[in-house]
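Q: Sequence:
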Amino acid sequence: MPFGIKNAPSHFQRMMNEIFPEELSEGWLIIYIDDIIVCSKTWEEHMYRLSRVLTKIQSVNMKISLKKFHFGFKELKALGHVVSGLSLGIDKNKAAAVLLKPMPQNKK
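For the sequence shown, my numbering begins at 408 and goes up steadily by one.
In case anyone wonders, no lab produced these hints; they're calculated from the structure. Virtual Cβ for every residue (Gly too), placed ideally from N, Cα, C. Don't take each hint at face value.
Said to hold, decoys possible - The calculated label-pair distances, taken between Cβ atoms and stated as ranges, are: (1) Pro509 - Ser472: 36 to 44 Å; (2) Met469 - Lys499: 27 to 35 Å; (3) Thr462 - His418: 17 to 25 Å; (4) Phe478 - His418: 22 to 30 Å; (5) Leu506 - Glu429: 23 to 31 Å; (6) Leu483 - Met510: 28 to 36 Å; (7) Met510 - Gln420: 53 to 61 Å.
Work out the full structure: start from the sequences and follow the hints.
A: So, in structure tokens, the structure goes:
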């Protein structure tokens, strides 16, 4: 998709939602623009789901950046949050930046 197209992100998100409707409705796939997160409870389940996603990506002639491709992590940072199989939390570095700001001295 060419850069500079104003509606490109929303078009791409809609296209990804159309490619993966079952996976998204089952709740184990999270897609935000060009970031795809595959959630699993076991390694075997993860490999099956990852294979399913990669097969669909290949079937629609899409490509994946190997530099951005990471798999098998128990915890990851995404959109300022720390996501794991047990919890969703705020990235400590992001929280520290807010906590270190001085308290406002006036009502403006």
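Q: Which of the numbered hints are not met once you compare them with the structure shown?
A: 5, 7
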